[in-house]
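Undergrad: Sequence:
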Amino acid sequence: MAKEIVLFVLYSVVHLFAIATITKQDALYLPSKIIPILILIVALFRYFPSLEKRGKLVAVGLVFSLFGDSFLALPKEGFFVFGLGSFLIAQLIYSYAFTLDSKVKPLLAIPFLLFGSSFFLVLVPKLGSLLIPVGVYISAICLMGWRAAARNSVSKPFYLGLFGALVFILSDSIIAYSMFLKPEMDRFTASMGIMITYYIAQVLIYSATKSEELDVQSVKNT
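Note that the numbering used here numbers the sequence shown so that position 113 is 114, with each residue one more than the last.
Since the hints were made in silico from the structure, they are not lab data.
Heads up, simulated DSSO-like pairs for lysine-lysine below, C-alpha to C-alpha not over 30 Å straight-line:
| no. | residue 1 | residue 2 |
| --- | --- | --- |
| 1 | K57 | K221 |
| 2 | K4 | K221 |
| 3 | K25 | K77 |
| 4 | K57 | K104 |
Kindly produce the complete structure, drawing on both the sequences and the hints.
TA: In structure tokens, the structure reads:
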């Protein structure tokens, strides 16, 4: 297993432990949450000083994810919209990265459209002033899932990226469920579910990108 993946898993476990033992008000909460994503960002640029276009896009997406993590880790509720906006940008960037080698394939959009619209309709009565921001975000993450599924190359990076996108959708669905549909849900249970799926999603997208970058390097060196 690559060193950065070992570090990523280790620090992800540290944050899961933090969820169980401290609150957002604790000074250690924010660093423990963002370090795993920071490890992936640093690893991309360390391994590949000259990233291909998709690699650069994924790196920028990880940076905006880092911003989103930071906003959502702050104790004040008012930062939620900023976190949502940061992750919205990350999803659009990931969508573009997946689109670089994909065709339209409209039929593949149907399951994501059905899921996104159905979930949004269930959420609508609970959203209030967040109706539009949440609706836009659901559209973006379903777009990301569709573009990941529509890629031309059915290979290891394809499956890693697709599974990463699907798990990302699951993670954000848990956020919406626990925040709007089941606000009385135990904070520990919700946070653990959200962060475990979130970290899995990001490391899968990172691994897909790294695998593609290694393939490009291999071709260049032959």
